[in-house]
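Asks: One-letter residues, chain by chain:
2 protein chains.
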Amino acid sequence: MNQPIPCPTKIEINEVAPRDGLQIEARFVPTEEKIRWIDALSTTGLRRIEATSFTSPKAIPNLRDAADVVTGIQRRGGMDITVLVPNVKGTERALACQVDEINLVMSASNSHGLANLRMTPEQSLEQFAAILEVTQGSGVFINASLSTTFGCPFEGEVPEVRVLELVEKLVALGIQGVTLCDTTGMANPAQVKRLCKAALERWPETPFTLHFHNTRGMGLANALAAWEAGISRFDASLGGLGGCPFAPGASGNVCTEDLVHMFEAMGVDTGVDLDALLEVAATLPDLIGHDVPGQVVKAGKSTRRYAMPAQRTT
Amino acid sequence: MNQPIPCPTKIEINEVAPRDGLQIEARFVPTEEKIRWIDALSTTGLRRIEATSFTSPKAIPNLRDAADVVTGIQRRGGMDITVLVPNVKGTERALACQVDEINLVMSASNSHGLANLRMTPEQSLEQFAAILEVTQGSGVFINASLSTTFGCPFEGEVPEVRVLELVEKLVALGIQGVTLCDTTGMANPAQVKRLCKAALERWPETPFTLHFHNTRGMGLANALAAWEAGISRFDASLGGLGGCPFAPGASGNVCTEDLVHMFEAMGVDTGVDLDALLEVAATLPDLIGHDVPGQVVKAGKSTRRYAMPAQRTT
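Listed in order, the protein sequences are those of chains U and D. Residues 0 to 313 (numbering that gives the first Met the number 0) are what the first sequence spells out, left to right. Residues 0 to 313 (numbering that gives the first Met the number 0) are what the second sequence spells out, left to right.
Chain U extracted, bound-state conformation (with noise of 0.2 Å):
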């Protein structure tokens, strides 16, 4: 057994409202404003944003500006712009807008895949063996994201064994970073800590993302997890965006100010204006016209100081 990893100094948020968030809101979100929000992230400190999804705008109307936006935005240095793409169609359009990176995405269950993305994990990795060839010298760096790991909203527990062995497939092939997700909120903090560590021991060399949904109030508690098993590395949505068709009512993905708040509270380096992040979180219900689940945008942080109350007389 190997010395076990110290829990990380720093961490990396990749922020995921753009896409994550927005794909599954009521009303699409005008491309200008889009970009003004997206420009906003991106002087906070954030070390990346997924802006987009470059899938068909049939599937997924409220991302259908995908090339505008990623062209439209400011470009700043120290944060890289990421995009998710369902096939080589959609990389190659990711490609010509200059992207920095480029999420894949496929499940871990069979069920999932097939209910979600119409394939089965073997047939995934095929599609990525496809796709790597045509991003093949192209600088871009290529994540794949494994939904289900924690559980499988159909099929239950997806056994970690299983996990491990889509993980391998996807090193195998040339995937250069990896983000685990809890796609519906199934995670428990215990399993959480233990996949970490299997997978950093096994793949030193590998970025590993977390990805959590708040959807039964564990978000924080898992990313805690992680962390003291040694991840660095964790996609957030603003506000607490986004969510899971199956849970009405239910908390969306973990939300990035939280994440934030609770990390620099623990002296945690998250590179992210805190203050910053929180004045654009707070535009958001205008943004997307509803409230959202964040908690630190509507109690201030943690060092909040409030006036004693008047004393009462009786």
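Keep in mind that the hints are not guaranteed to be accurate.
For chains that are exact copies, the list does not tell them apart, and a pair is met inside one copy or across any two.
Unchecked claim - Okay, derived cross-link-like pairs now, BS3-like style, lysine-lysine, Cα gap no bigger than 27 Å in a straight line:
(1) 196 - 9
(2) 297 - 9
(3) 300 - 196
(4) 9 - 300
(5) 196 - 168
No lab work stands behind these hints, which were simulated from the structure alone.
Using the hints, position chain D against chain U.
Replies: Using the frame of chain U, we list chain D on its own:
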């Protein structure tokens, strides 16, 4: 340095919603409804319920029926009834109702003590001494809740050395159990782990309970950190009922069913029948007239399975 305390395999929940939750509600819940609710809660395997507060009816009108509630509920074996008392008079009223436990409350910070109780910590300790004279020989367990342990909304940080000094005084006074309260949701997991470890190392025989709020989304992460430090007793509030008058719109106490769900998913025995608890939690909106922050009641347990969606043909 001692060996690290292992993570407990069993934890105990003290359900505080009937007291900490109801006290700030806009509506007075009729006595019979309170009794029916607590009776339902007491069948779920909870170890302890904080049923009410023997306070002045003027100070907390919602709990003006304290004696009727305590004498009206069914007392089941294996579950203790605890009540909050603010002074000697309340203690006498509580003892007359044959409670199992009395919970005293004081603040770790001067300004919160003055604002909330009109007492400095030292004045509270004097009053506790007077209360302990009254309870002597009663066989009733005496617990003290220490507010603002992890920060004060007026003063900010409360030095750990000050918290430990107050715990020392409580233990020396003859207080049997101590609850460390994150009254306004300022704690972070690193701080929680540090203070819990220090307290457990110094007073290994004292039962420490941790009381968290989810004001900034960290409730379950803080509970996880406390458990990792060796804590096995938690306050929690059904539905996440309760809150902080300074953060309107923010979440309240850590939610009982979400806490039980997390620990049970991790394989930690809470003694609680989660399905039964969720049934009671589902009745909360009717009882109090509004939605509550609890997540698992909306999303279902992580073991919940869904039918595969029908295959789209286009």
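Asks: Could you run down the list of hints and mark each one as holding or not?
Replies: For each hint, the structure was consulted:
no. : hint      : result
1   : 196 - 9   : both (18 Å within a copy, 24 Å between copies)
2   : 297 - 9   : within (26 Å within a copy, 34 Å between copies)
3   : 300 - 196 : between (31 Å within a copy, 25 Å between copies)
4   : 9 - 300   : within (20 Å within a copy, 33 Å between copies)
5   : 196 - 168 : within (18 Å within a copy, 42 Å between copies)
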